[in-house]
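J.: Residue numbers (numbering that gives the first Met the number 0), protein chains in the order written: chain A, 0 to 268; chain B, 0 to 250.
Calculated directly from the structure, the hints in this document are not laboratory data.
Each hint should be verified, as a subset may be incorrect.
One-sided excerpt, in silico: chain B residues whose CB lies under 10 Å from chain A [claimed, not checked]: (1) Tyr-3; (2) Trp-20; (3) Ser-22; (4) Val-77; (5) Val-78; (6) Pro-90; (7) Ala-128; (8) Pro-132; (9) Asp-170; (10) Gly-175; (11) Val-211; (12) Gln-213; (13) Trp-220.
As the structure is a computational prediction, the values presented were derived from the model and not from experiment.
All C-beta atoms in this analysis are idealised placements derived from N, C-alpha and C, irrespective of residue type, glycine included.
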Amino acid sequence: MAELLSLKEAVARLVRDGDIVALEGFTHLIPVAAGHEIIRQRRTGLTLVRMTPDIVYDQLIGAGCASKLIFSWGGNPGVGSLHRFRDAVQHSWPVPLEIEEHSHAGMANRYVAGASGLPFAVLRGYTGTDLPAQTDTIKPITCPFTGERLAAVPALNPDVTIVHAQRADRAGNVQIWGITGVQKEAVLAAKRSLITVEEVVDELEPRPGAIVLPSWAVTAVAEVPGGAKPSYAAGYYERDNDAYQAWDAIGRDRESFTRWLDELTGVKA
Amino acid sequence: MTEYTSDEMMSVAAARALGDWMSCFVGIGLPSTAANLARRGHAPNLTLIYESGCLGAKPSRLPLSIGDGELADTADAVVSVPEVFNYWLQPGRIDVGFLGAAQLDKFGNINTTVIGPDYANPKVRLPGAGGAPEIAASCREVFVVLRQSPRTFVEKVDFVTSFGHGTGKGDRERLGLPGAGPTLVVTDLGLMRPDPETAELTLTELHPGIEVDQVVEATGWKLKVAGDLGTTPAPTEAELRILRDLKRASA
């Protein structure tokens with residue numbers, strides 16, 4: 000049974016130093032406000048997981064919250080590189096960042112295994128690439144029926160998964176629609192989950208194609224209108240592409256980033 | 000004659016490679032521009048598939064990312080990311096994978112991971128693999144589009160993110176890779192195709208006004224040139240109009 004909490008309380012209770020934390024969202028419904036709350040609460044030593052770490056992960060990494068990143072594509076979509084991520088990988092600033100690198104298909108299947116309660120997944124992937132030599136969570140496996148060589152990847156079971164969704168009811172049932180990426184799998188794979196939502200309603204109207212995460216599969220729900228900005232929430236608001244462009248300049252150097260961070264955390268300059 | 004830029008020539012040449020009624024797994028950036036240009040021009044029945052789970056997207060402008068709301072709103076179906084990779088890509092249902100690259104080598108191997116020989120201490124850290132390794136493995140064939148320079152066209156990529164033809168003909172078969180791999184590379188200077196005997200990328204067409212020497216200079220290996228070197232037709236008025244309309248609508 001999901002609890003309805005404030006964002007501040009939910010992050011305080013669910014996200015602990017050193018946790019494996021997934022904030023998922025595939026361009027759409029990225030839980031940005033929750034990421035900012037993690038920064039404000041100054042969590043450290045997190046293993047951050049996400050298929051497509053974008054600017055909120057750049058911010059978490061720049062703020063020194065993460066010691067490891069598990070991912071398959073790290074960039075500012077449609078804009079370019081993540082400069083805080085680059086700085087951490089290339090110069091260990093502000094702290095060293097270990098990386099565990101996969102392909103999208105590998106990450107998606109790791110969540111599927113996690114959500115399925117299985118120890119690993121198999122896929123016809125990575126063949127011929129240099130990724131398996133760098134990533135020890137990719138191993139060859141032989142199909143016991145056909146003898147085909149495939150790749151095995153271990154289940155991903157985050158300590159906590161955070162996603163953003165359109166709506167929940169007061170009992171904590173959550174409804175998500177539009178591009179739903181790998182959010183359902185990431186929530187079901189996690190030990191604890193927090194769903195930030197645009198609004199809490201008395202009754203969820205059925206929507207064709209929507210995913211419903213039942214209250215009993217979710218730990219906490221927090222009402223955070225605009226919680227995905229500058230990404231978007233279908234039916235509520237559009238992506239703020241200018242903000243993604245603007246991040247490139249802010250993230251590019253340590254000084255402008257630090258000013259941004261001070262502003263977020265309320266530190267007086 | 001209408002003026003056009005080398006980038007416009009590249010986009011048009013890439014779009015022409017896509018046939019009507021094909022299905023195409025689209026990467027963001029240049030591949031997405033080319034695929035959308037094709038769909039609005041000569042290939043109205045081209046199925047565009049984006050890794051965000053949008054199958055059959057029909058955007059009215061160029062998406063700024065693979066998860067743009069416009070792609071979802073106009074798609075035949077929006078499916079989960081595990082589904083797009085496991086059900087649609089992996090079994091080999093998709094005709095063409097259209098990819099960009101940070102580095103491409105003479106056997107069509109793609110690097111989007113790190114620049115520099117040391118993965119742990121890279122000169123430049125790039126975004127990484129995304130969907131590309133499996134797109135390059137499983138689509139029936141792969142087209143690559145990127146601007147040509149000796150920095151991007153290298154003898155051997157620093158990191159094989161997505162497998163092309165490995166070290167030559169037969170490598171894909173030996174590894175059991177289902178697709179044909181890169182069959183076409185489109186640049187701002189011309190077109191390259193793998194040599195049928197060796198799988199080495201060979202210049203087969205020049206864009207109008209480009210000399211062979213220019214392409215050789217912009218290539219980081221000793222580029223082979225096809226005996227029957229052709230010339231790409233210049234962009235037509237109609238192609239340029241569609242491309243510019245798309246760019247304008249997306250600005």
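J.: Compare the structure with each hint and give your call.
T.: Outcome of the hint check:
1. Nearest Cβ of chain A to the Cβ of B/Tyr-3: about 24 Å, over the 10 Å cut. The hint is violated.
2. A hinted interface residue such as B/Trp-20 counts as satisfied when its beta carbon comes closer than 10 Å to some beta carbon of chain A; here the least separation is about 26 Å, so the hint is violated.
3. Given the 10 Å rule on beta carbons, the hint for B/Ser-22 is violated: about 17 Å separates it from the nearest Cβ of chain A.
4. Hint on B/Val-77 holds. Least Cβ distance to chain A is approximately 6 Å, under the 10 Å limit.
5. For B/Val-78, the shortest C-beta to C-beta distance to chain A is roughly 9 Å, which falls under 10 Å, so the interface hint holds.
6. Here the hint on B/Pro-90 is kept, as its CB sits about 9 Å from the closest CB of chain A, short of 10 Å.
7. Hint status for B/Ala-128 relative to chain A: holds, with the closest Cβ pair at about 4 Å, below 10 Å.
8. A cut of 10 Å between beta carbons decides the hint on B/Pro-132: the least distance to chain A is about 5 Å, and the hint holds.
9. With its C-beta approaching chain A no nearer than about 7 Å, B/Asp-170 sits inside the 10 Å limit, and its interface hint holds.
10. The beta carbon of B/Gly-175 is positioned within 10 Å of a beta carbon in chain A (closest approach about 7 Å), and the interface hint is therefore held.
11. For the restraint placing B/Val-211 at the interface with chain A, the shortest Cβ-Cβ distance is roughly 31 Å, beyond the 10 Å limit, so the hint is violated.
12. A distance limit of 10 Å between C-beta atoms decides the matter here; for B/Gln-213 the minimum to chain A is near 27 Å, and the interface restraint is violated.
13. For B/Trp-220, the interface hint is violated, the least distance from its beta-carbon to any beta-carbon of chain A being 19 Å, above 10 Å.
When the structure is compared with the earlier hints, violations turn up for hints 1, 2, 3, 11, 12, 13 and for no others.
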